[in-house]
Structures are given as structure tokens and as C-alpha cells.
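> Working from the sequences, and respecting the hints, build out all of it.
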Amino acid sequence: MSEYLLQMKGIDKSFSGVHALDHVDFAVRPGRVMCLAGENGCGKSTLVKIISGVYTRDEGEVYFEDKLIEHITPAEATRLGIQVIYQDLSIFPNLTVMENLAINSEITANRKLVNKKRWEETAKEALSKIGYDIDLYAKMGTLSVADKQLVAICRALLFNAKLIIMDEPTTALTKKEVDALFRTVRQLKESGIAIMFIGHKIEEIFEISDDVCVMRNGKNVFLGETRGLERKDLIYYMTGREINDDFFVPKNISEKPVLEVDKLSLKNHFDDISFKLHKGEILGITGLLGSGRTELALSLFGLEHPHSGKIIMNGREVKIKSPQQAQSLKIGYVPEDRLTEGLCLAQPIADNIELSSLKRLSKGGLIKKETIYRDAQIWVDKFKIKTDDARKNANTLSGGNQQKIVLSKWLATDLEVLVLNGPTVGVDIGAKQDIHALVHELANEGLAVIIISDDLAEVVVNCSRVLVMKAGRIVGEMEGKDITEENIREIIM
Amino acid sequence: MKDIKKKYGYTFMLLGLAAIVILFFTITKAGAFWKADVWKGIMAQFPEYGIMTLGLMFCFICGKMDMSFMMLADFATVMAVRHIVQNVTPEMDNGAVGGVIIVGILIALGIAVVGAIINAMLVTQLNIPPVMATISMQMVWLGISTAITRGDTVTGLPVLYTEIGHKTFFNWLPLPMILFIVIFLICWFILKYTVYGEKLYMVGSNEKAAKFSGINTTAVVLTSYILCDVLATIGALVMVSTMASAKADYGTSYVTRCILILVLAGVVPNGGMGKIINVLITLITIQIIATGVNLFSNLNTYYASLIWGALLVIVLILSTFMTDEGVISFKKRGK
Amino acid sequence: MQKSTVWQRMTKRTEFYIFLVLILMVIVIQLVSGGQLFEPNQVVTILRAMVVDGLFALGCLMVMVSGGFDMSFPAIAALSYSLATTICLNAGWCTTNAWMGFLLSVVFGAILGMLNGVIIANFALNTMLVTLGTQTFFTGLSMGLFELKEITSTLPKGLRAFGEWSLFEVESSAGLKSSMSGLFLILIAVAIIVSLILNKTMFGRALYAIGGNEVSAERAGYNVKKTKFILYTIVGALAGFTGMIRVCMARQSIPKAMVNKEMTIIPAVILGGASIYGGEGTVFGTMCAISLITVVTNSMLLVGIDTYWQKFFNGLIILIGITISSLQAKRNTR
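Residue numbers (the working numbering), protein chains in the order written: chain A, 2 to 494; chain B, 129 to 463; chain C, 86 to 419.
A portion of the hints provided could be inaccurate.
[Claimed, not checked] Here are the computed distance ranges between Cβ atoms for each label pair:
| id | chain 1 | residue 1 | chain 2 | residue 2 | range |
| --- | --- | --- | --- | --- | --- |
| 1 | C | GLU303 | A | ARG119 | 19 to 27 angstroms |
| 2 | A | GLY42 | C | VAL300 | 17 to 25 angstroms |
| 3 | B | ASN255 | A | ARG119 | 35 to 43 angstroms |
Because the hints were derived from the structure by calculation, they are not lab data. By construction, the Cβ of each residue, glycine as well, lies at the ideal position given by its N, Cα and C atoms.
So this is what it looks like as C-alpha cells:
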């Protein structure tokens, strides 16, 4: 018996000529956390799908508990004890927790009728596996993401799982929830279960994993223990280039503030918020999910309406009632969720870039397509958006390039203040750095920038001043050298 | 060349379909099919629902649904016709009658605008899914007009009004057809050259993103409903003129037909896509099928529905094999 | 962890409020009409009027739970019963009982439903558009290809007799005699069966699961295609059955009678708590909504409103109901 639970050798897979996996070796040991890391499109998910039986490998060998597995089907994978917890968690929001827990095993047992009592017993058994307690009759859709995740883990454990694969489980979680999740993962690990963790957040990889496998362009470039691995090296393995964090150094901060917020309050969200923002600086506003940071940003953009307090632009008090009004005050907003709030994916890149500039490009309510394309091309060139034709739809681009579209949409307008809410969520490290460099350049050209983020590393690198929010109030402010992750973490918790 | 093929791929497919249909009737009914009367008939018949379809197109591109347009248009025309019938007296001269008719038409259009505002309010302010909001509104409109007319047909329109539907120029060009062409050109211009047209596609594609880009999405949705319901009412006014009467539930079959034509033309109700030229081609093809079927003395008019229904299902199935252009498969959204 | 009580869970549901509104409406009408609503003959009339709409709504409910939207069930019903009665009439069947008519209609309904099922199960299409197409197609079949005619006075006696099935006679205080239709029992039976299917079988839970999240249902091991196919077959059969009930009750078979029926049934089912996004809806809620609409429309005269306003009030109730439930959903997501 070897020390490995799952061993894969020389796995090869192509899709209509595209080499997704190029002779990949991979191994997982029981009772350990293996992190599968790499940027988007590196082949991580293809590898997972081969393990879970969704895809069939073209070449290579797979051993599970030293037995060669010729052909893996999803059912076979379940039988072997492989469970995948997808990013969307595969839950039914309209059903109760009990049903969500029991339904899979009921289907696997090929039952035809519903026995409420048996369902309840199954559900209780599942919860007892990690000693988790929750209202069995609560609707799944009403739970928090963290609770949903725990339910999904409990459900996986019902199948005597030996290997649990988690696909980017921390994406929608707050720091606190991530800690709770990691506690559960360690608990599972101690009971001898192997965990495979898929992700690309560097800090988390170091925090939770025992082993790391890094993939790039369909090849695995690193496979080994996390201990002894340098952060710098890991980033190099993932991106294939040296990434140096260029700290933002403000060059010309204006004397007078461009935007002043005075005792702004919004019921249930934030209270008594005051700050000043100058041209040429990047102000970070950080805080946990639910600290009121997003609502504050939306208030500056006219999508939330504070019930008291003042907003002052260039010395004049203004009321921002709608995004149109915010725009006319030269305030731009890059939303949190690029796909649902930032882009019209099925529309051309050019039209997306010029969406906020239609007034400038039109004459008497009329507009020409050619004008849109001509103007958009300027931004495509300026930001090096990787496309051969701006008439192609936005969904043909990668996440980082899509984010560049959202940014250029606002830069194409005449702006004084730009609010960025989570500007690099779900963006690869490489593209992340491009975006950061771009924001630095804009600030130094005289734009006032607010970055709202809970990615502390991002805040530290980019901001010349940071406000920390907690439960709707500003609890700390730091500047220059004082901005460190430790300092922020101290007051944020 | 490849670009043209990709951009107009769906248009070519529809043209192919039209060619097949024409070819079929040419082979089977050459003598009867290529007669001036047949084509005059085609031109006389499709404008009324053609105008309605163009209206609904705006809603669809905007990503909204309107199930209420026909019932609203029926209500609007019932009120217009009642006004005309009640106010026209035999001793009036043409000018005076014309004045009454114009007031009647304005009443109808006014009602259409009010109905559109209600639809848009329900959808944008109360966040009711468009299908649900408009399917309920359609019951309300039907209810009001049934109650007012007591379920009866309103007749007694002056000749001056019924003329509209029957007037022909140069012995081949019907007045409704001219109206359709004018409205078609306006719609084409709106979609292609106006800022509203540009916003319409973007809002239809992703309303939230448009809102976050500083677009007044409520105004865009409202405008779409107004265009939809006003055009539907214009179509219904033409229909009423042809039939010389109005009723609470005239033209109910047009709801299905308009949706069917739009979906065939690749304008699907999940928004953000569709070309007006495709709508035109589909409209004409659908009418050719209806007229062609009538040429067979042993077939009744319902054979046309048979063909239309089958065509829609087939095109929908084919569309799942397409990716970029035309109808694409879509799943529920907004969850 | 706090456990919710049965009461808390119940008061969160749309069904509960529809039920309250129903009770309230009944009380108001009873008071305004001076006690006429609970006259025995009025009660039996209302119960009788619920049968057809109730049966249609149950089929519609199952589709909506699965996240579908069926526009074609009235067309299926019309084609099935017209074909079945025409065959029975020509073959001389159904003179003493109605079995053959129902059997034929159900079989035709199932076959037409299967066509929907095959398309919807195998292609990821918008069900509303597919059924819009099949609706047009089925109408074309019944009135085009088969040229089915209206059957009124010549309707087979067996069918006519079945429609007159009476459980007992009641007499109002004014001496008006009415009979309680036995067909109401069929509605109750079907409602119980549908409720059992939805709640007590894995098939029923599959419908909720698919309506909630189709991808997850597939991953959980459900055969989604098969489930959808069976669903549309059952719903088609139920539509055929319901159509035949209507023929018996109306004592005539008119191919055009079902046109636009979906436009009144679907809103009622939504009013009863079903969601157009799927995964929600119960038999109890649907039945409450149908009762509410039937009670209100049938008691217009009792409260002194012209019957021509029936459709208007019908629409108004649904509009208000849908508005309120949407507002509630909006508040819940905040």
C-alpha cells in the first residue's frame, strides 16, 4: 500500500485540438489538504472533472487506493468515495435543509416514495458527522453562504467520502466564515479524509494546505509540500513571471478636497461617516462583509439614499439621487460583481465601453455606430484590451480584460471621482497587477480614487490612506507607512 | 465575407425559408399563386398585425414581455369606436366626421399610453416579473371592455373610417401597407440611429449593468412599453377599420401570432438581440403561408396555424445548435 | 440554533395569506349579500363551477413547480376531447356510459403531452415558447387537419348523463332546487392524488428539485430528461381528462371553447403561490386561489354587481394578489 489515496500519472486531455491537460501528474495523500492552484484556464477544472468522472481522460493512469481505475463515471466516483463540492454548492434553494441533506442518498438508493422520518434521520446523521446544528426545516435559500457550504459538506460526508474536492469555496465568504470553514476542513483532515482545495488566493493556500499542486497552461509546474515553499516562488509558478508589488506613491495630491462626506448615515447600514477625498490620492475603505462599505459606495453613486448627512463636491453641497446625477457630478462607480452589474456580456466590447458616454458621442438623440467603434478603439489600444475587433462580444474576453472594459467605460467619461468596489475580485494575479498599475497612473494624473475592498493585500499596496469600517462606523484611519495588513486586521475584527 | 456571413447568417436562413415557401406554392399552385390578387391580398392582410409585431419587438429587445398589448389595444379601440359612433350624426359633413374620428384615435392612443405606463410601473417600480404583470393586466383590460360593451360588438362606424382599411392606391397599394412601411422605417431608424436604440439593446442585455453605467433604465423600459402598446393600438385601429366594428376580444389570436413571428425572427424575450430586417422577412413569410394555404380549396385557414406552430418548434430546436446569431437557447434568469 | 415552529413556517407561506383572503372574502360577501352566499343552491353552483378550472390548474401547477410554463394545455384538451367525442359519436360508443370517451381523451392528451415532453426534455429551450408553438400546432391539427366540428345536441347520451351525475338535491330558502354535482368529487380526488405525487413521491420531489436548480438535480442523480418527459405526459393526459369533464358538464364539444383558457388559469396558479421561476407552489394554495376566484365571480349578482364585470374583478384580484406577493418577496430579499 502506497502512501497515496489518489494517484494520477501522465494524464492527457484535449478538446477539439486544444490541449487542456498535458501529461499531468497528481497525487493526494489521505488526511492531508492538497491545494490545486493556478490561474483561470490553466486546466484545474478539467483535472477535477476527470477525477469526478465528468470527462474521460485521453491518456494516463489513475490509481485510487492503489487500484488502477480504468474508467471513471460520476457514479463510480461516488462509490469510490470521491465527492465534489462545486462552487455553486449544488443546493436547492427552494427546499428545506433536511431535504437538501437527504435527497442525494435517497436518489442513490433508488427510492420511489418519500418517508419523512427516514429523511429526518438521514439529515440528522449527516449533521452529526461534523457536529453541526441547524434548523432542519429552514429553507435553504434563507441561509448564509457559509451555512450552505456546511450543509453541502455534511451531505458529501453521507457517502463515506474519502476525498472531498472543494471548488473555490472561499469566494463568497467573509474572513470570519473562511476561518470557520478552515476549522471544519482541519477537523475532516484529522478523521483521515483527504481534502482537495481549488483556489488561487495565495494567503489561503499557505494557511490551509499541506501539499500544493500548481498548474499553468495545462501542465503541472509544481507538486510538493507547502512547507518550505516561498510566497514569491508560488506566485512565479502560477503566473510564470515575477510579480513585484509596486506600492502606490501619490505624486500630486490637491490641496482642496474634491469630495467631502459629512456625518452621512443610512439606517441599518452605516452611521455618521465623515471623510475627505483629494485629487490624486487613492483612499481605501475596508471592512468585513456587512460593515456598510458597499452601501456607502452605493450612496455616493445615487443607488442608496442616506437619510442624514451631507455630500460636498468641490465645496458645494450636492444631493445624489440617481446614477445619472452621480455621473453628471463626475462620479464613476465600478461595481462589485463584474458579470451581473458591470457588463452586458452579449453585446460588443465597444458598446460596453461607450455605455456611459452616449451623451458625449450623440447629437440630438442620434448616434452612429461608427462613432462608437472609433471612440472605443482608443480605449482598447490605451488599455491593451486583448481583442482583434472591438465589435466582438464582451464574453469573448477573459476576466481581467473584462474588468478593463468596465474601467474604461468610466474613464471614457469626464471623471473626477472613481469608486472601485472590489476591483480585482476573481481576476488573475497577472491581470490584477495591470489593473493596479493603471489605477496608480490615473490617480497620479489627478483622479480621486476610492478603493473598497476586503482584500487587505490590495488595500495595502494601492492606497495612500485607509479607512476601516466596522458595523457601519469608521473605526480607524491610517496613512502612509502605517498601512499594514497587521494594523488593519487588528481593528477590523 | 466571413464577417457578412456571420452577421447576417440568420437573415440568410430566413430568406432561405421564405424561398422554400414561395417555391413550394409556385410548384403546387403556380397558376393561382402568381396572380396580382394574391399579392394584393398579402399586402392588405399583414400590415395590421405587422405593426403590432413591430411594437412588441421593442419590448422583447428590452428583455420584457407584454402579454397585455392586444387586450389593451382592444379596449382602446372599443373606447375610440364608441366615441366615434356616439358623436357622428348623419347630417355631419366629411370634415366634421373626420374631426370626431381624429379625437377617437387620440383617445385610443391615450389609453394605450396609460396602459403602457401601468405595465412599466408594475415591472420597474414593483419588480413584478413582466409575464406575471402583463398577464394580469390583460385580464383587467378584457374585464373593463367586456363590462362596458356588455360583451357585444360595437358597430356603426362611418364610411370615412372604414375606408382606411380598404383604401387602395394605384389599384395595388393598400393604405394600411403605406402605414406599415412608414412605421417600419421609423422603427428601423429608432433602432439604428438613436441613443434610445443603443440603450435598448444594452438594457435588454443586462439591465443592472446598464443601471450601474448611469443609464436611466426605467425610462428605457417605459419607452419600450409605450412604443409596444401604442403600435399595437395603431394596428388594432387598422383592424377595426377593416372589420367595421370593435369588440372586447377581437384579435386575441394575434398575441400568439406576434410572439411566434418575433421568436422565429430571432427576437427572443430575454432581450438584447434581434434585427428588424429579420422581423420583416418573417412577417412576409408567415403571411405568404396563410395566403398560400387558402389557395387550396380543400384546406381551411387553420392549416396555416399547423404550419406556423410546427415551424416555431422546428426553428427553436434548430436554434439550440446555433451559438452566436439568431435564436439562442435560454434559461430562466433573475433567480 | 433556533428551531422554527410549524406556526412560524406556515405564516411565511403565500398559501396561508390566500387562505385568509378567501375566508375574509367569503365573510364579506356573506354579509353584503344578506346571507345569500351560503344558500345551499349557491354553494353547489360554486362548487360545480370550480371543477374544470381546478383540474386545469392542478396540471398547470405541476408544470410550474418544475420551472416550466405550459401554454398548450387548453389546446391539448380541446384537440383530445373533440377527437374523442367525434370518434365516440361516429362509432356509436358512449351511449350508456362515458368510459370510452374518457379513455380516448386521456390517451390523446397523453400522446400530445409526450410531444411537448420530448421537445422540452431533450432541448434546453424556453418552455413558454415551445408550448406556444405546440399550442398553435395542436389548434391547427384540430381545426385544420381533422376539421373537427362542434357537437352539441348529438352528444352521446353516456357523456351527457355523466355530466348530470348528481350526489344529492338541495333546496334554497326560496324553494329553488339544485343538485350537487358528483364531478366535484373528481376534483377532490385529483387534488389529493396530485398532492400525494408532489409530496410523497421521489418524482414529485424531483419536480421541486428541478424547479429549484436543474443543474443540481442532475448532479444529485435525478434523470432530469425522463422526469420532464413523464411530467408533460401526465399533464397532457390530465388536460385530456379535464377537457372531457368539461364536455360532459357543458353537454357539448366545441373545438374552439378552450381558446385563451391558459390566460386565466396560469395567473390563478401564480396567485396561489406558484413561482414562474419554479420550485414553489402547493395544491392547497392553488385550490384556495381557484376557490377565491370562483367565489368572487359567482357571487357578483349577490352583491349587486353586473355580471359583465366578472372578468374585471377576476383580473383585479389576480393583479392585486400578484402585486402583494411580489412586494413581499422584495421585502424578504432585503
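> Hint compliance check: list the failing hint numbers for this structure, sorted ascending.
Those not satisfied: there are none.
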